[in-house]
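According to this note's numbering, the sequence shown is numbered sequentially starting from 1.
It is possible that some hints are incorrect.
As the list claims (entries may be wrong) - List of simulated lysine-lysine pairs, BS3-like, C-alpha gap at most 25 Å:
1) Lys246 - Lys123
2) Lys205 - Lys101
3) Lys136 - Lys246
4) Lys113 - Lys205
5) Lys176 - Lys205
6) Lys246 - Lys205
7) Lys198 - Lys176
8) Lys176 - Lys134
9) Lys176 - Lys136
10) Lys231 - Lys205
11) Lys136 - Lys101
12) Lys123 - Lys113
13) Lys123 - Lys231
14) Lys231 - Lys136
15) Lys101 - Lys176
16) Lys113 - Lys101
17) Lys176 - Lys246
18) Lys246 - Lys231
19) Lys134 - Lys205
20) Lys176 - Lys123
21) Lys134 - Lys123
22) Lys123 - Lys136
23) Lys113 - Lys231
24) Lys198 - Lys136
25) Lys205 - Lys136
26) Lys101 - Lys123
27) Lys231 - Lys198
As the list claims (entries may be wrong) - Simulated restraints on C-beta separations:
28) Val160 - Leu49: 45 to 55 Å
29) Gln102 - Gly208: 44 to 54 Å
30) Lys205 - Glu119: 25 to 35 Å
31) Ser158 - Gln66: 49 to 59 Å
32) Leu67 - Gln102: 43 to 53 Å
Hints are computed from structural coordinates only; laboratory data are not their basis.
Every value quoted in this text rests on a predicted model; they were computed, and no experiment measured them.
Here a beta-carbon is modelled for each residue, glycine too, at the ideal position from N, C-alpha and C.
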Amino acid sequence: MISSSTEIPGSDSRSSWLPTRATLRDAYRGVVYVTHHGMAILGISLAALVLTLVARTDLRISAEQQLLGWLQERHDISPAAEADTNILVAGRVETPDVLPKQQAAVTQWLSRKYRVAQEPLAKLVGEAFAIGEKVKLDPTLILAVMAIESRFNPYAQSPVGAQGLMQVLTRVHTDKYARLGGQAMAFDPLSNLRVGVKVLQDCIKQAGSVEGGLRLYVGAVSTDGSDYINKVMSEHLRIQSVALGKPMPTSFPVYSAIPAALPVSEPPAPVEVAAPQSESSAEAPAQAPLLGTELRKDDLAS
C-alpha cells in the first residue's frame, strides 16, 4: 500500500516555475499598458500643442521665425567654419597674463592708446605674432596696419567697401573668405586678420619692399601713398619699441613722395652707326658718305 505522503517526482520544480511565468506575464502586460497610455498621452499633448498654435497666431509666427532663423544659421555656417576652433567668440578670449612678456606689453600699450579692452585685444595680438612667424612677416607691422586702418574696430567699414580690422575689400577677395566660411566672416576679427595678412603679404611680394607693399595695400591711385606709409611705419616703430622694451622713439624716418617722370618734348633723333664691314658688304656698291663727313681718297678714286 502506497503512503499518501509520497510525492510525485518533479512536482516541486513545476510548482516553482508557475509563479515565475505569472510574474513575466504580469510584467509584459505592465509594459504594454504603460506604452499604450504613454503614446496616448503624447498624442494628446501634440494635439493640444497644435490647437494652441492654431488658436494663437502670435505664438505660431514666433515659433516659425525661431525655427527659420536656426535653419538659416545652420545653412550659412560651412563645415570649414565649424572646424575652425580659433574664431573669436564670446567667452573665448585671452588675458595678457597668459601671453608672453613681449605680447603682453604690446597688448597693454595698444589697449591704453586705442581704448580697447585688453581681453579681446590679447587674442588679436597673439594671433598676429603667430601668423607673422608663420609667413615671415613682422607682427608689429601687422598690428600697425590694423591700428591705422581701423583702430582695432572689427566692424569698421569705409565708403568704398573695405571692411573689418584690416579694411579688406570683401568683394575683391571673396575667394580668400570662401575658405573661412564666406563673406560674412569679414567681420570676424581673426578671419579678417588672416585675410588681411595674406593680402599684405602678396602686396609686399609684388612691390619688392615693405613701403611699396603698403602703397599697393592702401590702393593709392591719385596720390603716391606716402602719408599712409609714414603713418604705418611710424606706428610700426612704436609697437616694435614696446615689444623690445626700448624707449619710445622721438623721430621717425620720412618716406618722401615718389618723383614723377620728367616730360620729354621730342625724342632724340636716332644716331646711325656704321656697321663693321664684312666680306659680303665689301662687294656691295659704294654708297654716298653721310652728310658732314669728309670724303676719303678711296671714295674720290672710285
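Original post:
Are there hints from earlier that the structure breaks, and if so, what are their numbers?
Top reply: 2, 4, 6, 15, 17, 29, 31
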